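Residue numbers (the working numbering), protein chains in the order written: chain W, 3 to 376; chain S, 2 to 178; chain P, 38 to 315; chain L, 521 to 607.
Treat the hints as calculated values from the structure; they're not laboratory data. Quick caveat: nothing in here was measured; it's all calculated off a predicted structure. Ideal placement from N, C-alpha and C gives every residue a C-beta, glycine not left out. Any given hint could be a false lead.
Below, simulated DMTMM-like cross-link-like pairs (lysine to aspartate or glutamate); rule was C-alpha separation at most 25 angstroms, straight line [claimed, not checked]:
no.: 1; chain 1: W; residue 1: K315; chain 2: W; residue 2: D359
no.: 2; chain 1: P; residue 1: K92; chain 2: W; residue 2: E344
no.: 3; chain 1: P; residue 1: K241; chain 2: W; residue 2: D222
FRET-style restraints, in silico, Cβ to Cβ [unchecked claim]:
no.: 4; chain 1: W; residue 1: P111; chain 2: S; residue 2: E161; range: 55 to 63 angstroms
no.: 5; chain 1: S; residue 1: E161; chain 2: W; residue 2: L125; range: 44 to 52 angstroms
no.: 6; chain 1: S; residue 1: M2; chain 2: W; residue 2: D262; range: 36 to 44 angstroms
no.: 7; chain 1: P; residue 1: W291; chain 2: W; residue 2: L125; range: 46 to 54 angstroms
no.: 8; chain 1: P; residue 1: V284; chain 2: W; residue 2: M3; range: 55 to 63 angstroms
no.: 9; chain 1: S; residue 1: E61; chain 2: P; residue 2: R315; range: 39 to 47 angstroms
no.: 10; chain 1: S; residue 1: M2; chain 2: W; residue 2: D185; range: 44 to 52 angstroms
no.: 11; chain 1: W; residue 1: P30; chain 2: S; residue 2: D58; range: 32 to 40 angstroms
no.: 12; chain 1: W; residue 1: V301; chain 2: S; residue 2: G126; range: 42 to 50 angstroms
no.: 13; chain 1: W; residue 1: S259; chain 2: P; residue 2: V284; range: 55 to 63 angstroms
no.: 14; chain 1: W; residue 1: T245; chain 2: P; residue 2: R315; range: 18 to 26 angstroms
no.: 15; chain 1: W; residue 1: S255; chain 2: S; residue 2: I88; range: 47 to 55 angstroms
Residues per chain are reported as follows:
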Amino acid sequence: MRKAFISGNMAIAEGAIIAGMKFFAGYPITPASDIMEYLVERLNEVGGVVVQLEDEITSINAVIGASWAGAKSMTATSGPGFSLMVEALGLAVISETPLVVADIMRTGPSTGVPTKTSQSDVLQVRHGAHGDHIIPVLVPWSVQDAFELTVKAFNIAESLRTPVILLSDAVIAHLWESAVLKDPGEIEVVDRKKPMVPPSEYLPYKPDEDLIPPMASFGDGYNVIVESLVHDEHGYYRQDSDTYRRLITRLTSKIMSNVDKVFEVESYYVNDSKYVVVSYGSTARAALAAVRVLRSSGVKIGLLRLKTLWPLKPEALREPCRNADLVFVAENNTGKIVADVERFVKNAEVVSLPLLDLEVPTPDEIVEGVKEWL
Amino acid sequence: MRHEILIVGRGGQGILLLGRILGLAASKYSGLYVTGSEAYASETRGGMSRVDLIIADSPEDIDYIRVRKANIVLFMFPYDLEGYARIMSDDAFIFLNSTYVKEHPYVTRRAFSVPYNEVAEQVVGTSRVSNIVALGHLVARTGVLGDKQVEEALKEIIPEKWLDLNMKALRAGLEIR
Amino acid sequence: MVVGSVYERGAHPLDKYLRVTRLPHIWCPGCGLGIALGGILRAIDRRISEGMLKKENVVFVTGIGCSARTSFYANFDAAHTLHGRAIAFATGAKLAKPELDVIVIGGDGDIAGIGGNHLIHAARRNMDLIVIMITNFVYAMTGGQVAPTTPQGIYTTTTPHGNPEFPLNVIKLVSSLNPNYVARASVTHPPLVEQFMYRALGMKGFRFVEILSTCPEVFGRHVGLRDSVTLYNTLRSKVVVKHNPGVEESEPDWEKGLVAGEFLVRDRPGYLEMLRRR
Amino acid sequence: MGLATLASTELVRASNARFRVNVLISRCKECGICISVCPTKVLVRSDKYNKYGFRYPEPANIAKCIGCRLCEFNCPDFAVFVEVIGK
Chain W
3 MRKAFISGNM AIAEGAIIAG MKFFAGYPIT PASDIMEYLV ERLNEVGGVV
53 VQLEDEITSI NAVIGASWAG AKSMTATSGP GFSLMVEALG LAVISETPLV
103 VADIMRTGPS TGVPTKTSQS DVLQVRHGAH GDHIIPVLVP WSVQDAFELT
153 VKAFNIAESL RTPVILLSDA VIAHLWESAV LKDPGEIEVV DRKKPMVPPS
203 EYLPYKPDED LIPPMASFGD GYNVIVESLV HDEHGYYRQD SDTYRRLITR
253 LTSKIMSNVD KVFEVESYYV NDSKYVVVSY GSTARAALAA VRVLRSSGVK
303 IGLLRLKTLW PLKPEALREP CRNADLVFVA ENNTGKIVAD VERFVKNAEV
353 VSLPLLDLEV PTPDEIVEGV KEWL
Chain S
2 MRHEILIVGR GGQGILLLGR ILGLAASKYS GLYVTGSEAY ASETRGGMSR
52 VDLIIADSPE DIDYIRVRKA NIVLFMFPYD LEGYARIMSD DAFIFLNSTY
102 VKEHPYVTRR AFSVPYNEVA EQVVGTSRVS NIVALGHLVA RTGVLGDKQV
152 EEALKEIIPE KWLDLNMKAL RAGLEIR
Chain P
38 MVVGSVYERG AHPLDKYLRV TRLPHIWCPG CGLGIALGGI LRAIDRRISE
88 GMLKKENVVF VTGIGCSART SFYANFDAAH TLHGRAIAFA TGAKLAKPEL
138 DVIVIGGDGD IAGIGGNHLI HAARRNMDLI VIMITNFVYA MTGGQVAPTT
188 PQGIYTTTTP HGNPEFPLNV IKLVSSLNPN YVARASVTHP PLVEQFMYRA
238 LGMKGFRFVE ILSTCPEVFG RHVGLRDSVT LYNTLRSKVV VKHNPGVEES
288 EPDWEKGLVA GEFLVRDRPG YLEMLRRR
Chain L
521 MGLATLASTE LVRASNARFR VNVLISRCKE CGICISVCPT KVLVRSDKYN
571 KYGFRYPEPA NIAKCIGCRL CEFNCPDFAV FVEVIGK
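If we strip away everything but chain W, and leave its shape as in the complex, we get (with noise of 0.2 angstroms):
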């Protein structure tokens, strides 16, 4: 356990060395770039591979094909870069491919205000890649989070065989806090399932009970294969309904049914109240401070804030609404994951704070839109 006063980026990239990541690829961007800097000094000291590739296309491809060397492997970028990267995301999905890549998000569409804060990649990370996938998203609301959340997001895609995403955003990627690093031993570290049949026996996806097949390396000896194609267990291309279905649902089945280890929320006040503000990432810091602005002049609300954005959790979100009349979602864009809260949360009135701020919102902000509806 160490001490430190650090930024969030370095809190990734600390988060990132503590879960066993052994590769890391990247192409510089704003606001993500500190990441790549800092990582080529610290991985090196505890052999790893920092790489600069030629883009970002190269680089999340790199870390696929070492992910299947065998090593725990990450990439950090930012919207625009993400935008190239979606194509080998889903790579990642269909090959079942652990990795992790942090979207340290800025301001959009296109190029943006690159040096500003946005949360408007929220359905970008959800959507981008084509065809049928449940990727895991999570994003931090502090320097702290951004570590533990790191770890958490190895820990997912290595348990899960599957590519996670860590939302950060403008304003945590370089906002400064105490932080205690934790030791693998202090925090769980969780590494990927391994063969336990020769070779002869290996079909390398075919699942176990769990939906998840072990998970051979190159150089193992298992003749592994990486195949982008809709596959058998063997990894062999088939064209039919029932192959493609069951490889399907079984790629969502298996994010699904472990939504447990995925799904964390955290709630403040919300026992008492008639009013929920659901926030995430550095939006949720000013939300927490105007709940307590409110709450100071005697108004009965609380906080949600959320730490997984995908897959959401139904009843997680509505059980702290359940005494709700109305739900507020303070998001720093044009309103997104409103649509899932009011998809799941019935009883009450869900209404949108969509804040358009290039800095991080403000809590007045937020107490003058919850104003307006009482």
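Take the given structure of chain W and dock chains S, P and L to it, following the hints.
Showing chains S, P and L alone in chain W's frame:
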């Protein structure tokens, strides 16, 4: 305890470094919880630079990341002197680098006007450490952190070959009356 | 006189390196890809039997296209990835586990078209990979569109009045960078494929081998040489094998001939060695 | 001499004193390249079809085989191979 510290200056004056030293001294060496955020113009030199630091006993006491009611303010350069009054408490400590801040509206018992650049030049021989002189002054006057803790942070952050210079600057600041 | 089979009954000598249950493969009759794969596998076999290569360390990495399907049939660790991205994938695998011998195989569209930037930078880094580009002068799997290597004037489905573009000489492009090995073979000369691949397997750094190939169904149809044997013999008649040809001789010239040979052989430190030196 | 067809492996083969030429019938796609490249014209297109409807080659003129293996190296389908069976 809870402090909201605001530091405003011009790019190149070492404003961000000041924030990191204070943050490290408070978090690692004083066991306090710190949230620090930075804002700066895209150019490396020139343009406004600002650091917000919130220091508290526990993370429970910190929610929003920016200063809303500063009780300690340092102006190393006269950017929006009056505007920032909106986010200061009435009894805030205000430190003004009179090398650049020639006129200002703050005439309170807790406002201190010191030519940090000249002090640095005279005592240490270079105005490049004016930020550390100001740091020493701020720490001595407010008592927000102990001298020892700030020295430890300085030792951790400043490269070996510049450390003596900076320690000298810190002491110069601590001794300003 | 000893009379007896050196092979098991019914077993092709390369069957041990093939996923035989997936044969016959999907390639069209007369397609040169199988010949190219045969040459590659014989070279690997020689290196393995010499003890220079471990079977479990060989990884075939391919992108998308007819050539990319080689990863279906090679009985090694294999990856059939995204269009154009095989070199990127291979780079990560090699860096994460340097003991692997990573072989990228792709078509001219995959390697020099959509994947061209990866080719340039992997060659610039002298990345420790073997990249085999099997050139059939056309996008075959998608039905016969113009490729970066299609000769000027040729009809394709997207150049119905003849290709207006000048083709890319990939040998010259790669040679202008920092590779250790650049060679061109042709499926019409299988021993050359084997020889160059064998050579490449014994080297470090970036090794690039272009293999000219036949696509009777698509390219052959476009140029009026639909018959496998006619196309094969036509290509063979155009190939001029030279000993250590100069890079300037690599320009594909359908009148004067397509020069095959080893254009560049060097022993510069590979990327991995440079990384370790830091 | 003479052609031996083994149903179990779908193999047709023939040998002379030194070489045996084998054709894996079901792998053949009738491209004709092996027949074309053989310098001594050992291989002849069969009038029978394999299960995919291709007429495979048969080593009908095995006596002329010189063991150059051009048929094996040039077969795109891993369908033809030559064994050395004597000196």
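Handout entry: In rising order, the numbers of the hints this structure does not comply with
Key = Violated hints (numbers, rising): 1, 2, 4, 10, 12 and 14; every other hint is consistent with the structure.
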